[in-house]
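Number of protein chains: 2
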Amino acid sequence: MAVFTRVSEADIAAWLANYSLGTLLELQGIPAGIENTNYFVTTTNGRFVLTLFEKLTADDLPFFLNLMAHLARHGIPCPCPVADKQNRFLGELNGKPACIVSRLSGKSVTQPTTAQCAAVGAMLGQMHSAGQSFGEQMLNPRGSAWRAEAAQQVRRFLPPQDAVLLAGEVEFHATHPLAGIPRGVIHADLFRDNVLMEGERVGGLIDFYFACTGKLLYDVAITVNDWCMTPEGKLDAGHTRALLNAYHAARPLTAAEADLWPIALRVAALRFWISRLYDLHLPREGDIVHAHNPDQFKRILQNHIASPNPPWL
Amino acid sequence: MAVFTRVSEADIAAWLANYSLGTLLELQGIPAGIENTNYFVTTTNGRFVLTLFEKLTADDLPFFLNLMAHLARHGIPCPCPVADKQNRFLGELNGKPACIVSRLSGKSVTQPTTAQCAAVGAMLGQMHSAGQSFGEQMLNPRGSAWRAEAAQQVRRFLPPQDAVLLAGEVEFHATHPLAGIPRGVIHADLFRDNVLMEGERVGGLIDFYFACTGKLLYDVAITVNDWCMTPEGKLDAGHTRALLNAYHAARPLTAAEADLWPIALRVAALRFWISRLYDLHLPREGDIVHAHNPDQFKRILQNHIASPNPPWL
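Chains as they are written, first to last, in full-length UniProt numbering: chain U, 1 to 313; chain E, 1 to 313.
FYI, nobody ran anything at the bench for these hints, they're computed from the structure. For glycine and all other residues, C-beta sits at the position ideal for the given N, C-alpha and C. One thing to keep in mind: the hints can contain errors.
Taking CB as the label site, the calculated pair distances span [stated by the list, open to error]: (1) U/Ala255 x E/Glu198: 46 to 52 Å; (2) U/Asn18 x E/Ala14: 41 to 47 Å; (3) E/Phe40 x U/Ala237: 48 to 54 Å; (4) E/Ser105 x U/Thr175: 34 to 40 Å; (5) U/Val3 x E/Glu198: 55 to 61 Å; (6) U/Pro252 x E/Pro177: 56 to 62 Å; (7) U/Asn66 x E/Ala163: 56 to 62 Å; (8) E/Val3 x U/Pro262: 47 to 53 Å; (9) E/Asn66 x U/Gln152: 23 to 29 Å; (10) E/Pro62 x U/Gln153: 37 to 43 Å.
Where chain U lies over chain E, by a calculated footprint (3+ residues, C-beta under 8 Å) [claimed, not checked]: (11) 74-81; (12) 85-94; (13) 124-136; (14) 162-173; (15) 257-270.
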């Protein structure tokens, strides 16, 4: 249950007095999520989500909140932060940084259809396109320096052949960076559970707290590695092409991106293999993380290495 | 039919290429409205309204568009302008200034219940409260100078007793202004057809193109004069108190406002009596206005003059 900090109806009613959202009708804890405390909040003005940030600090948050506001301003269905009477997105509730955002409709799917893959590709392209006019920057906290450092730390927990694979991949991507391709704001975590679907339509993109500035193709690879993967950890060619073609129609992919596509898929898989190894072997004190199995991304990575001509447009 | 400028599917599809709204699914003209051309536009990202401004110019529009964006940012359900790839709200389509805004749900009601009057009062209070942090100003184009000038022009069309009533009221309000009470952004036209209801909830406030800076109580009076009026042109005491009490809970009314309430109701009625006389007797060239009957507001004004103790909190 992702309610690490309890919020009572009296707490939220008092907090809402500093907003123009009407009066509280319903408050309900949200079980999903592993980093923040989330509540559904229904007021006379509509349906919202209250988030109390358990780890991110008030210094980190403006980038994420301003980004969501920027994307919503461009018509991307994402949680839109609500400003308080002092015109600020970020407040404090029960000792934690807190914000209230619009609630989107739809629910996540586990077995997407080809049409749903296409819808997600199109929306990711729109998001990248809308993000081009966003003025703020955020370094990728899971970039090459982090990969090298984290790989070093988890290496001792691995059987020898996995340690060799890991070190080799970290070295490969350090010397083969995704250079000379378009950059911008990326979501960096657009897995199936971070997309709300309404049938074949994307109802919402959520959980922007890994968003950063990076290579757009890397974001596409992260998304494809989750949405278009078979249970065996191989890309479904039909799903992949559907996602990429729809993306391409919204934000045209370049020839340089075509060349780097196999490497983008590998580095995207590597990033999640490392973070899952890290969460499994080196959990942070107090983490209530349901650790994902790292082997899934090891297998995806191995399959990408073995298949240097992945499906493209 | 409020489609003064035709927009084809090809026109809008080309125009949408400069937005991050996905691809066009449906385009449908909107019959309501007398000042602008409006279309419902459904894209893969959601439901929107396209407006082509037939009279307002690109100089006038930023105040209105920025105001709607500001209120939406504060969680007020109002049309939220969508920014294009250059981050601008205002574009041009088929030679007219144009924008695309979020589409709200609900529909207007003609015979509001007490609960609906309360919901509108609460939302108006929220809107006034959220408007306090809006930085831009707009003079009321239907203020005292306009009243004096327009009354002068329509006077010759009136029977003598109406001309005397009109001149007397214009003179009365020129010497009894609504002074010393809270100011801010006002909608200035929150009639029943500008509120979308979803049952007893306000789904949306629309048509902000008369919004300006003014006395908040004047906005309340305009709203009450429409929402709480009986067919005989008298205030329904239950509806009026419900609206005012709900407003008061959202934005507390002051003692000075209580004193000025009878005058606020009169001047709000006078404003619409004059504009309806003007539209009837002096229609602008090319106006396709369905002129409302001015007598309704003459009767309301007379009833207000005859009832100096209108319902209050």
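Evaluated hints:
In this structure the supplied range 46 to 52 Å holds for U/Ala255 paired with E/Glu198, their Cβ-Cβ distance being about 50 Å. Separation of U/Asn18 from E/Ala14 is about 44 Å and conforms to the stated range, judged on CB atoms against 41 to 47 Å. Taking the beta carbon of each, E/Phe40 and U/Ala237 are about 38 Å apart, not inside 48 to 54 Å as hinted. One distance hint, 34 to 40 Å for the beta-carbon pair E/Ser105 and U/Thr175, is violated here, with the actual separation near 54 Å.
Evaluation of the 55 to 61 Å hint for U/Val3 and E/Glu198 yields a failure: the beta carbon distance comes to about 29 Å. In this structure the supplied range 56 to 62 Å holds for U/Pro252 paired with E/Pro177, their Cβ-Cβ distance being about 59 Å. In this structure the hint that U/Asn66 and E/Ala163 lie 56 to 62 Å apart at CB holds, the actual value being about 57 Å. E/Val3 and U/Pro262 have their C-beta atoms about 51 Å apart, which keeps the hinted 47 to 53 Å range intact.
For E/Asn66 paired with U/Gln152, a C-beta distance near 51 Å fails the hint of 23 to 29 Å. Separation of E/Pro62 from U/Gln153 is about 53 Å and departs from the stated range, judged on CB atoms against 37 to 43 Å. Here's how the stretch 74-81 of chain E fares: 5 of its residues keep a CB closer than 8 Å to some CB of chain U, so the rule of at least three is met and the hint holds. Requiring three or more residues with a Cβ within less than 8 Å of a Cβ of chain U, the coverage given for the stretch 85-94 of chain E holds, as 3 such residues are present.
Coverage of the stretch 124-136 of chain E by chain U holds in this model, with 6 residues showing a Cβ closer than 8 Å to a Cβ of that chain against a need of three. With a cut-off of 8 Å between beta carbons, the stretch 162-173 of chain E has 0 residues touching chain U; three or more are needed, and the interface restraint is violated. Note: the stretch 257-270 of chain E has 0 residues with beta-carbon separation from chain U under 8 Å; the three-residue rule is not met and the coverage is violated.
Hints 3, 4, 5, 9, 10, 14 and 15 from the list above are not met by this structure, while the remaining hints are.
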